[in-house]
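Participant: Sequence:
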Amino acid sequence: MYLSKISAYWDIRADGYSKTIHEQLKDDRAAFFRDKLRTFAPEGNCLDCLDVGCGPGFFSILLAQEQHRVTATDYSEKMLEQAESNFAEEGVVVKTVRCDAQQLPFENESFDYIVSRNLVWNLEEPEQAYREWLRILRPGGRLLVMDGNHYLYYYDDLYRKANQSRDGTHSSCYGVDPTPINEIARNLPLSHKRRPEWDLRTLIDLGVGKLQTETYPLTFRDSESGEVKNVISDFLICAEKPGSAEAITQTQREIDDHWSGAAENYSRIVREELQSFRADAWSKLILESAPAHTPLDILDVGCGPAFFTILLSRTGHRTVGLDGAVGMLAQASQNAAEAGVRPLFLQGDCHRLPFADGSFDLVISRNVTHTLREQEKAYCEWFRVLRSSGVLLIFDANWHLMQTDPEIRREFARRETLCFQTYGSNFSADHRREVEDPDQIQAHRLGKCIRPDWDLPLLKAAGYRDISVQRDITDRLWSSKEKLLYGATPMFMIRAVK
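Numbering (my numbering), first residue to last: 1 to 498.
If you are wondering where the hints come from, they were derived from the structure by calculation, not from laboratory data. One thing to keep in mind: the hints can contain errors.
[Stated by the list, open to error] For each label pair, taking beta carbons as the anchor points, the in silico distance ranges come out as:
no.: 1; residue 1: Leu-484; residue 2: His-258; range: 21 to 29 Å
no.: 2; residue 1: Glu-338; residue 2: Glu-214; range: 49 to 57 Å
no.: 3; residue 1: Glu-125; residue 2: Gln-67; range: 32 to 40 Å
no.: 4; residue 1: Gln-347; residue 2: Thr-422; range: 37 to 45 Å
no.: 5; residue 1: Phe-277; residue 2: Gly-44; range: 48 to 56 Å
no.: 6; residue 1: Gly-226; residue 2: Lys-284; range: 24 to 32 Å
no.: 7; residue 1: Phe-277; residue 2: Glu-376; range: 31 to 39 Å
no.: 8; residue 1: Asn-265; residue 2: Asn-45; range: 49 to 57 Å
no.: 9; residue 1: Pro-291; residue 2: Arg-160; range: 32 to 40 Å
no.: 10; residue 1: His-370; residue 2: Glu-125; range: 26 to 34 Å
no.: 11; residue 1: His-293; residue 2: Pro-42; range: 25 to 33 Å
no.: 12; residue 1: Tyr-2; residue 2: Gln-67; range: 14 to 22 Å
no.: 13; residue 1: Tyr-174; residue 2: Glu-374; range: 57 to 65 Å
no.: 14; residue 1: Tyr-174; residue 2: Lys-377; range: 25 to 33 Å
[Claimed, not checked] In silico lysine to aspartate or glutamate, EDC-like type, Cα no more than 20 Å apart, as pairs:
no.: 15; residue 1: Lys-95; residue 2: Glu-107
no.: 16; residue 1: Lys-19; residue 2: Glu-90
no.: 17; residue 1: Lys-448; residue 2: Asp-472
Glycine is no exception: its CB is placed at the ideal position from the N, C-alpha and C atoms.
Just need the whole structure built from these sequences, with the hints factored in.
Facilitator: Structure (structure tokens):
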């Protein structure tokens, strides 16, 4: 619908845009972008690279100077003309192809590295574009996207205020009126979306293996409140195409389905927690155990209805909640919206995280580790995504001992009876007793492992250091009802550093 109009506008902008990249090739911006292109490239020399939406060829030049084989595409004829002139001037060899970024004329698995800069925002079908780019990317290849929330100010009040704080000049336009593209942008899909959240969710849905993102904020003073605020202005995303498909096991699918079925009840409990003393108590415990700098990049693994995700988003940290259960994520999104925060939620397997190495400062989990299929594998994976000196916090309890130790099982049954007598209910959705017959219950697969001692050698083997344990943290975190019902198996905390 808008492709020809968009192309015509960039034809007019081509000469001025080319002057801009000449300036960038001579100043610090060339070194900045060269470093990013190197950092996020897949391993190897002489990579087959595609610069999609190349414009006057800035990224193509930087990649060709690194001795990679580069193909540059754009739909604007004038942009390609400028690019070809710039390639000749810089003495690099780059193949050019005029085509639509959303329908590329290349065979499957043609490239090792696909890059784009300030392109995706002005696509009519950005999801289709990502699908195309992943199609032509080789297994293990990487996609690097640099873009920004250029027109979100049309629809988002915070971004409108941020835009008003700018000086309003368009020096890079070289006298070309930007009104036509501004009006087109009003109707483009990504002008309505907060990014990179939209991109990350879309790429995950399309099956990427690992993701990494960097965000570059715009800080401004709110003209109404006088408060200093910031928004994500520009960002970078690197996505890796899986080297080989690893299908979800039937066992994991059954586990995820089980937790989806329990999501509504757990969400009810979380909403109650958010309104209780536990919210402040948990926030204090986590942050006093976390790395000291701020803001932190935090992964809430097995986030459930998002209790931790919401708490830490409220304190200004960049938080991602991951869970395998669709039902849990639906409740998490609803709870976060009601709490007025916007963390990123992704569906994924705790044993195989869709993030690049060193993506997070803090990884946290609550009542998750006892449900895992392979704790050893998960702990190694959580180690992988932590940055150097990053912290892992595990909160859990010996829930399985109720199922494997007859004495503890009978003690729990006694406590549950007292709980019904005192409070009229336990924590189940239908108030059904968790132990109908204290002597008849299926054994837990952890058997008679006593935690947290059982976890410590696994964490050491995974590479963690400075491992410390608090064996009972219930006094400051649990309500009287929780202490009565679950007091036989108190909650512990493990802190481990990479």
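Participant: If a hint holds in the structure, say so; if it does not, say that too.
Facilitator: Consistency of the hints with the structure:
Under the hint 21 to 29 Å, the C-beta atoms of Leu-484 and His-258, about 26 Å apart, fit the expected range. Look at Glu-338 against Glu-214: about 29 Å separates their beta carbons, and that is not inside 49 to 57 Å. Between Glu-125 and Gln-67 the Cβ separation comes to about 34 Å, which falls inside the hinted range of 32 to 40 Å. Checked against the hint of 37 to 45 Å, the pair Gln-347 and Thr-422 passes, with Cβ atoms roughly 39 Å apart.
Between Phe-277 and Gly-44 the C-beta distance comes to about 54 Å, which sits within the given range of 48 to 56 Å. For Gly-226 paired with Lys-284, a C-beta distance near 29 Å keeps the hint of 24 to 32 Å intact. Separated by about 36 Å at the C-beta atoms, Phe-277 and Glu-376 satisfy the suggested range of 31 to 39 Å. Taking 49 to 57 Å as the suggested C-beta distance range, the pair Asn-265 and Asn-45 conforms, at roughly 55 Å.
The hinted range of 32 to 40 Å is satisfied by Pro-291 and Arg-160, whose Cβ atoms lie roughly 34 Å apart. Checked against the hint of 26 to 34 Å, the C-beta distance between His-370 and Glu-125 comes to roughly 44 Å, which is inconsistent with it. Between His-293 and Pro-42 the Cβ separation comes to about 30 Å, which falls inside the hinted range of 25 to 33 Å. At about 37 Å, the beta-carbon gap between Tyr-2 and Gln-67 misses the expected band of 14 to 22 Å.
A C-beta distance of roughly 58 Å is found between Tyr-174 and Glu-374, which places it inside the suggested range of 57 to 65 Å. In this structure the supplied range 25 to 33 Å is violated for Tyr-174 paired with Lys-377, their Cβ-Cβ distance being about 55 Å. Restraint check for Lys-95 and Glu-107: the C-alpha separation of about 16 Å stays at or below 20 Å, so the hint holds. Distance restraint check for Lys-19 and Glu-90: the Cα-Cα separation of roughly 14 Å lies within the 20 Å cut-off, and the hinted pair is therefore satisfied.
Of the pairs offered as hints, the one joining Lys-448 and Asp-472 holds, with about 19 Å between alpha carbons and a cut-off of 20 Å not exceeded.
In this structure, the earlier hints numbered 2, 10, 12, 14 are contradicted, and the remaining ones agree with it.
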